[in-house]
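Undergrad: Spelled out from the first residue to the last, the chains are:
There are 2 protein chains.
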Amino acid sequence: MKQWAKYEDTLEILRSTIKPWSNVQKVAITQALDRYIAVDIVAKDNYPSRELSAMDGYAFKWSQNLSELNLTTDLPAGTDKGLVINENECIKTFTGSLMSEGTDTLIPVENVEINGNKILIKKQVPKGFAVREIGESYKKGEILIKKGAKLGYAEIALLAELGEFHVSVFIRPRVAILATGSEIKDLGEALENPAQIRSSNHIALAMMMQKMGAEPIVCEIVRDKKELVQEAIVNALKSADVLITTGGVSMGDYDFVKAALKDNFNIIIDGAGIKPGRHIKVATSGDKYIFALPGFPYSAMVMCVLYVRVLLNAWFGVSEPKLTAILDEDYTKRSPFLEFTAVNLSVRDGKIYANLDGKKLGSSAIVNNLTNEAALLIVPKETEFIAKGEVVEILRMV
Amino acid sequence: MKQWAKYEDTLEILRSTIKPWSNVQKVAITQALDRYIAVDIVAKDNYPSRELSAMDGYAFKWSQNLSELNLTTDLPAGTDKGLVINENECIKTFTGSLMSEGTDTLIPVENVEINGNKILIKKQVPKGFAVREIGESYKKGEILIKKGAKLGYAEIALLAELGEFHVSVFIRPRVAILATGSEIKDLGEALENPAQIRSSNHIALAMMMQKMGAEPIVCEIVRDKKELVQEAIVNALKSADVLITTGGVSMGDYDFVKAALKDNFNIIIDGAGIKPGRHIKVATSGDKYIFALPGFPYSAMVMCVLYVRVLLNAWFGVSEPKLTAILDEDYTKRSPFLEFTAVNLSVRDGKIYANLDGKKLGSSAIVNNLTNEAALLIVPKETEFIAKGEVVEILRMV
Numbered sequence: 001m002k003q004w005a006k007y008e009d010t011l012e013i014l015r016s017t018i019k020p021w022s023n024v025q026k027v028a029i030t031q032a033l034d035r036y037i038a039v040d041i042v043a044k045d046n047y048p049s050r051e052l053s054a055m056d057g058y059a060f061k062w063s064q065n066l067s068e069l070n071l072t073t074d075l076p077a078g079t080d081k082g083l084v085i086n087e088n089e090c091i092k093t094f095t096g097s098l099m100s101e102g103t104d105t106l107i108p109v110e111n112v113e114i115n116g117n118k119i120l121i122k123k124q125v126p127k128g129f130a131v132r133e134i135g136e137s138y139k140k141g142e143i144l145i146k147k148g149a150k151l152g153y154a155e156i157a158l159l160a161e162l163g164e165f166h167v168s169v170f171i172r173p174r175v176a177i178l179a180t181g182s183e184i185k186d187l188g189e190a191l192e193n194p195a196q197i198r199s200s201n202h203i204a205l206a207m208m209m210q211k212m213g214a215e216p217i218v219c220e221i222v223r224d225k226k227e228l229v230q231e232a233i234v235n236a237l238k239s240a241d242v243l244i245t246t247g248g249v250s251m252g253d254y255d256f257v258k259a260a261l262k263d264n265f266n267i268i269i270d271g272a273g274i275k276p277g278r279h280i281k282v283a284t285s286g287d288k289y290i291f292a293l294p295g296f297p298y299s300a301m302v303m304c305v306l307y308v309r310v311l312l313n314a315w316f317g318v319s320e321p322k323l324t325a326i327l328d329e330d331y332t333k334r335s336p337f338l339e340f341t342a343v344n345l346s347v348r349d350g351k352i353y354a355n356l357d358g359k360k361l362g363s364s365a366i367v368n369n370l371t372n373e374a375a376l377l378i379v380p381k382e383t384e385f386i387a388k389g390e391v392v393e394i395l396r397m398v
Numbered sequence: 001m002k003q004w005a006k007y008e009d010t011l012e013i014l015r016s017t018i019k020p021w022s023n024v025q026k027v028a029i030t031q032a033l034d035r036y037i038a039v040d041i042v043a044k045d046n047y048p049s050r051e052l053s054a055m056d057g058y059a060f061k062w063s064q065n066l067s068e069l070n071l072t073t074d075l076p077a078g079t080d081k082g083l084v085i086n087e088n089e090c091i092k093t094f095t096g097s098l099m100s101e102g103t104d105t106l107i108p109v110e111n112v113e114i115n116g117n118k119i120l121i122k123k124q125v126p127k128g129f130a131v132r133e134i135g136e137s138y139k140k141g142e143i144l145i146k147k148g149a150k151l152g153y154a155e156i157a158l159l160a161e162l163g164e165f166h167v168s169v170f171i172r173p174r175v176a177i178l179a180t181g182s183e184i185k186d187l188g189e190a191l192e193n194p195a196q197i198r199s200s201n202h203i204a205l206a207m208m209m210q211k212m213g214a215e216p217i218v219c220e221i222v223r224d225k226k227e228l229v230q231e232a233i234v235n236a237l238k239s240a241d242v243l244i245t246t247g248g249v250s251m252g253d254y255d256f257v258k259a260a261l262k263d264n265f266n267i268i269i270d271g272a273g274i275k276p277g278r279h280i281k282v283a284t285s286g287d288k289y290i291f292a293l294p295g296f297p298y299s300a301m302v303m304c305v306l307y308v309r310v311l312l313n314a315w316f317g318v319s320e321p322k323l324t325a326i327l328d329e330d331y332t333k334r335s336p337f338l339e340f341t342a343v344n345l346s347v348r349d350g351k352i353y354a355n356l357d358g359k360k361l362g363s364s365a366i367v368n369n370l371t372n373e374a375a376l377l378i379v380p381k382e383t384e385f386i387a388k389g390e391v392v393e394i395l396r397m398v
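Those sequence lines, one after another, are chains A and B. Numbered by the UniProt record's numbering, the letters in the first sequence go through residues 1 to 398 in order. Numbered by the UniProt record's numbering, the letters in the second sequence go through residues 1 to 398 in order.
If we strip away everything but chain A, and leave its shape as in the complex, we get (with noise of 0.2 Å):
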């Protein structure tokens, strides 16, 4: 019998094969979303700069007591008119408008009454009431965003605050797809006789690339001829970074993906004791990846989360998404392996649950088990038995 490696030993080796990805491209921030910042962006002023009104009202020197003042003029917001004050006097100032030199308090429209020139306070207000204080978003030399960090739609706009036009982020990864198999067809293509079906792994794996912060790369599919095999991973391999293969590394006649990495390149995973995809291999071409999957969708698509993600999450610096869950139902395992089982997360009363619901028990081929942002629930190699209530370990897909 094999023995089968340990995952996290498998890991452990394709970890310590991971060179910095440096790679870095330049974009416009409104093309930036979801992209991966390559450096850390520093505040290089306090913001705000000077202090600014949070509110429609005037401005003036705040005293104890005081109940009338005098208004001088108006500053609409945008304009620096370089006003000066005195006591008892009040200019006009609106939200966002510059606090004129003198003064330290806004007493809103609401909480006056106007005669004239006069503004008579008919509600007190707190001395520094609505006015946003120098540096009160950020001061100078504050991190504000962290390299590796997932540009959402806040950083986007703090960006555009900064008055950053174009950012600095990782260069996606080009990863080729290659599906294997003489029965896969791709969309389009006439099925011929009942053997053969749709092939969804390289339309996955691209979709998982794009939400991995990837550029997949889709090949044409091709059928289990060893040459042809071989000669489709040294193609793909020319302008990938990365090269995912499913299919053809079981104890078939027929798995040419096998052959061709053992005859040509560095494997360096062969193989782990994990359900689904204990079949994986990973090999290496200079700073290049393969990673073969098994060909069915279910074990492709968790494998790809299981291993290819770990390499480009080492490559943006991201950490990997595992959290915890409470296991609303018995779980009992099926196989020896460590096993990784599409579940589904719901939360009740703060506590995060995870259930089969709809899971349907059968082969690593079901991929309708990870429709509805199914998570894996994790359970280790000797595990045989989770109860109900049980706090688990879960790892997000993508």
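Some hints could be false.
Any copy, or any two copies together, can satisfy a pair, since identical chains are not distinguished.
Claimed, not checked - Cross-link-like lysine-lysine pairs, in silico, BS3-like; alpha carbons within 27 Å at most:
1) Lys122 x Lys61
2) Lys275 x Lys238
3) Lys351 x Lys381
4) Lys6 x Lys19
5) Lys238 x Lys333
6) Lys81 x Lys92
7) Lys123 x Lys2
8) Lys388 x Lys322
9) Lys127 x Lys288
Bear in mind the hints are in silico, worked out from the structure with no lab data behind them. A quick note: this is a predicted structure, and the numbers were derived from the prediction, not measured.
Chain A is already provided as a structure; the job is to place chain B on it using the hints.
TA: For chain B alone, coordinates are given in the frame of chain A:
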């Protein structure tokens, strides 16, 4: 004092006006990631439609204590030879191959020894072993993807498996984004004085619209001039289903958005008793909507989630992403309103915790309070204090 409407009441008003969004288009499944599907996807057939092998091995008709089989031929995946088997015979059969007529079980290659044409069974398997049953993945008539679902990698893989090339999705509503304010300048424009700042709202909202499944149309920033604001609103509405404006809705003399809405449109929501954003206004123009959000960016981004997303989600048939969490520190409310406060979420031992680490006190201008995937803590109007450990309501941003 103005009587502020309850948030829930304003949502009721908004929801009561919403007509179904029936605008549908076909897109290639590879272009459909994160789109909302406009139809139910129903299995037209069982899948698989024939019994298939789940491993590499020998297909045979199972009987008790069988120890030896005669190998007749092999059947590679993708091939249909119309093979039929007799008792004590077997066919070499590969992962994904058809199970031939008369066979019901697959014995894996690992379990046998080969002696010429004799297959010697070293380790028995139960009847039906390693066979993918008809309909294992899904049965004819099963609903596989529900109308309104967001298409993830697995849904798209499933569509590929089903042989669907074009899928019906909801057309992205066009959302025009019009930032107003004489103090705000677009990226690339020179700041003329220290009272001017960079606009982040138009870019933040454009990114949020992308994330929410809408198509943003960013308009030119418009200064606080009555005629300019009016004209910009009318123009922006021409090519959009929804218009979001920022700024110009509070109590100031230059708040011309307010005036433009009052003069020209049917205001359905005029303020709400919430913090931030109580000056929100929502108007309709035929079937079109105008959301007039405050100018402070934190307010604008939060209000986009609290109102604009409600419309979009109603159109797509999606529910609001509310959840519960456990507050990880004491919280004292500072306003008399229903509050939405930026928090960080984290998971420990199957529980979701919310904390305010790194969140800055101050005005509603602080963009960086929403970075790092911040969510919103919902603090009810009546609540003044929440103790560490209490279960709280949370609304996700985008």
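Undergrad: Each hint needs a verdict: does it hold in this structure or not?
TA: Results of checking the hints against the structure:
Proximity of Lys122 to Lys61 under the C-alpha cut-off of 27 Å is restricted to the intra-copy arrangement: shortest distance 17 Å within a copy versus 95 Å between copies. Taking the shortest Cα distances, Lys275 and Lys238 never come within 27 Å of each other, neither inside one copy (32 Å) nor across copies (55 Å). Taking the shortest alpha-carbon separations for Lys351 and Lys381, both the intra-copy value of 26 Å and the inter-copy value of 25 Å come in at or below 27 Å. For a Cα distance limit of 27 Å, the shortest separation of Lys6 from Lys19 inside one copy, 23 Å, qualifies, whereas the shortest one across copies, 56 Å, does not.
Taking the shortest alpha-carbon separations for Lys238 and Lys333, neither the intra-copy value of 42 Å nor the inter-copy value of 59 Å comes in at or below 27 Å. Only within a single protomer do Lys81 and Lys92 lie at most 27 Å apart by alpha-carbon distance; the minimum there is 13 Å, versus 89 Å between protomers. For the homomeric pair Lys123 and Lys2, the shortest alpha-carbon distance between copies (15 Å) is at most 27 Å, but the shortest distance inside one copy (82 Å) is not. In this assembly of identical chains, the alpha carbons of Lys388 and Lys322 lie at most 27 Å apart whether taken from the same copy (20 Å) or from different copies (25 Å).
For a Cα distance limit of 27 Å, the shortest separation of Lys127 from Lys288 qualifies neither inside one copy, at 63 Å, nor across copies, at 44 Å.
Hint violations for this structure: numbers 2, 5, 9, all remaining hints satisfied.
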